[in-house]
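Protein chains in written order, with this note's numbering: chain A, 1 to 249; chain B, 250 to 420.
Please note: incorrect hints may appear among the correct ones.
Claimed, not checked - Stretch-level coverage of chain A by chain B, calculated; a stretch enters the list once three of its residues show a Cβ under 8 angstroms from a Cβ in chain B:
| hint | segment |
| --- | --- |
| 1 | 87 to 95 |
| 2 | 179 to 189 |
| 3 | 218 to 232 |
Said to hold, decoys possible - Away from chain B, derived, C-beta distances all over 10 angstroms, residues of chain A:
| hint | residue |
| --- | --- |
| 4 | 29 |
| 5 | 71 |
| 6 | 105 |
| 7 | 119 |
| 8 | 151 |
Hints listed in this document are in silico derivations from the structure and should not be mistaken for laboratory results.
Cβ atoms here follow ideal geometry from the backbone N, Cα and C, with glycine treated the same way.
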Amino acid sequence: MSESPTPLLRAEGLVKTHHGEGAPARAVRGVDLSVVRGEFVAVTGPSGAGKSTLLHLLGGLQRPDGGSLWLDGERTDAYTEARWAVERRKRIGIVFQFFNLVSNLSVADNVELPALLAGVPPRQARAEREELLSELGLAGKERSLPGELSGGEQQRVALARALVNHPPLLLADEPAGSLDSKGTREVMRLLSRFHQRGQTIVLVTHDARLASAADRVISFFDGRIVDDAELDGTPPRRTGISGVLELKD
Amino acid sequence: MRLPLLALLARGPAHGYELKQDLEQLLGSAYPQPNVGQIYVTLGRLEKSGLIEGEEVEQSSRPNKKIYHLTDAGREALRAWFEEPEDEPRVRDEFFMKLALAPQTGLADQIALINKQRRQYLNTMRNLSKLAAAEDRDNRIAHLLIEGAMLHLQADLDWLERCQEELEELE
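Using the sequences and the hints, build the whole thing.
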């Protein structure tokens with residue numbers, strides 16, 4: 001038996017408590033998690049369950065109060081803010097619910113910026129940007145400002161920005177949370193496409209339709225993992241899918 | 250199946266196999282393929298109740314085929330169909346009964362039941378996503394059917410989440 005490969009992402013005993021006004025909120029209460037290369041994992045649960053906090057911990061946007069995190073086998077406990085910033089440019093791409101694009105930069109500049117910051121030569125950054133934008137159906141929008149685009153288009157720009165440096169890990173925090181049904185389908189289609197090409201994805205969503213694009217779904221309640229299910233897509237027993245679709249007699 | 254067949258015949262006369270093909274084309278591959286035998290049986294019943302009339306047409310090299318057309322009574326039945334709103338979908342009562350009764354039996358854990366049910370729904374949701382991806386993008390009716398099924402499942406999953414929130418607090 002060969003040893004199992006080093007997980008791209010591993011968390012052990014992660015804990016995070018928010019100290020705001022009122023009682024402390026225990027957002028993440030001891031989470032163990034392992035994600036291997038090529039996996040597409042969705043974390044679902046009600047709002048307020050702490051799933052966004054979990055994602056922020058995984059991307060180094062917040063630091064845990066307890067527990068440890070490994071990126072590709074490397075322990076991150078001692079990472080500084082500056083080191084995390086570098087990781088988020090090179091090894092971790094992130095998309096957010098509200099896109100977080102730089103509003104006074106053009107679409108092209110929003111996508112190229114992280115490449116330039118990572119030291120990619122301008123010519124190559126431009127080539128990467130052109131390829132991604134055309135792949136995402138945004139050719140011709142390069143000079144637009146984010147505010148001139150629809151929500152779905154802005155999220156596609158954000159996806160291009162997150163992927164421009166080919167990070168091994170893509171984190172997505174409610175990427176369809178502010179999109180309509182059509183935009184949701186679009187995001188779902190794109191995530192599936194990148195996943196099929198081998199992109200490792202951790203997606204946080206309360207939308208089961210989006211979650212069902214993943215091949216593993218983690219149910220998150222009250223700061224803890226309550227279920228961790230591989231979706232194998234095997235047709236369920238009995239009526240199953242055709243029963244769901246069958247119109248009445 | 251009765252009223253959809255009547256509705257297809259409202260356009261003009263057709264034979265059984267044509268109706269099967271029309272239905273498939275309209276609803277896409279997502280919809281479980283109607284069984285041609287079932288269609289002939291339904292057409293027979295519709296004819297008996299006077300909602301359609303069939304006419305034998307001779308074919309040179311094959312057995313006769315029967316071409317059906319809508320009668321006035323059939324058109325009236327269709328009007329009445331469109332007139333009436335449909336019943337609401339029902340909560341999955343069998344699962345609800347399991348959930349409600351599990352603690353008294355000592356045979357099943359409520360949270361485990363919820364988790365199992367969620368996996369089932371998520372797998373079905375995944376299959377629906379695959380169907381949607383495989384379906385012709387221009388077939389709006391087929392996509393609406395799949396989306397409707399997904400939204401129902403989404404509601405069921407939301408409700409499971411509520412059950413879990415409530416019942417975990419009790420533990």
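Going through the hints against the structure:
1. Residues of the segment 87 to 95 of chain A lying with their CB closer than 8 angstroms to a CB of chain B number 0, which falls below the three-residue condition for coverage.
2. Counting residues of the segment 179 to 189 of chain A whose C-beta sits closer than 8 angstroms to any C-beta of chain B gives 4, which meets the bar of three, so the coverage hint holds.
3. Only residues whose beta carbon comes within less than 8 angstroms of a beta carbon in chain B count, and the segment 218 to 232 of chain A has 8; three or more means the coverage holds.
4. Chain B leaves residue 29 of chain A outside its interface by the beta-carbon criterion, the shortest separation being 13 angstroms against a cut-off of 10 angstroms.
5. Once the 10 angstroms rule is applied to beta carbons, residue 71 of chain A is consistent with being away from chain B; the minimum gap is 28 angstroms.
6. Separation of residue 105 of chain A from chain B is adequate, the least Cβ-Cβ distance of about 33 angstroms exceeding the 10 angstroms criterion.
7. Every Cβ of chain B is farther than 10 angstroms from the Cβ of residue 119 of chain A; the closest lies at roughly 38 angstroms, confirming the non-interface assignment.
8. Once the 10 angstroms rule is applied to beta carbons, residue 151 of chain A is consistent with being away from chain B; the minimum gap is 19 angstroms.
Checked against the numbered hints given earlier, the structure breaks only hint 1 and satisfies all the rest.
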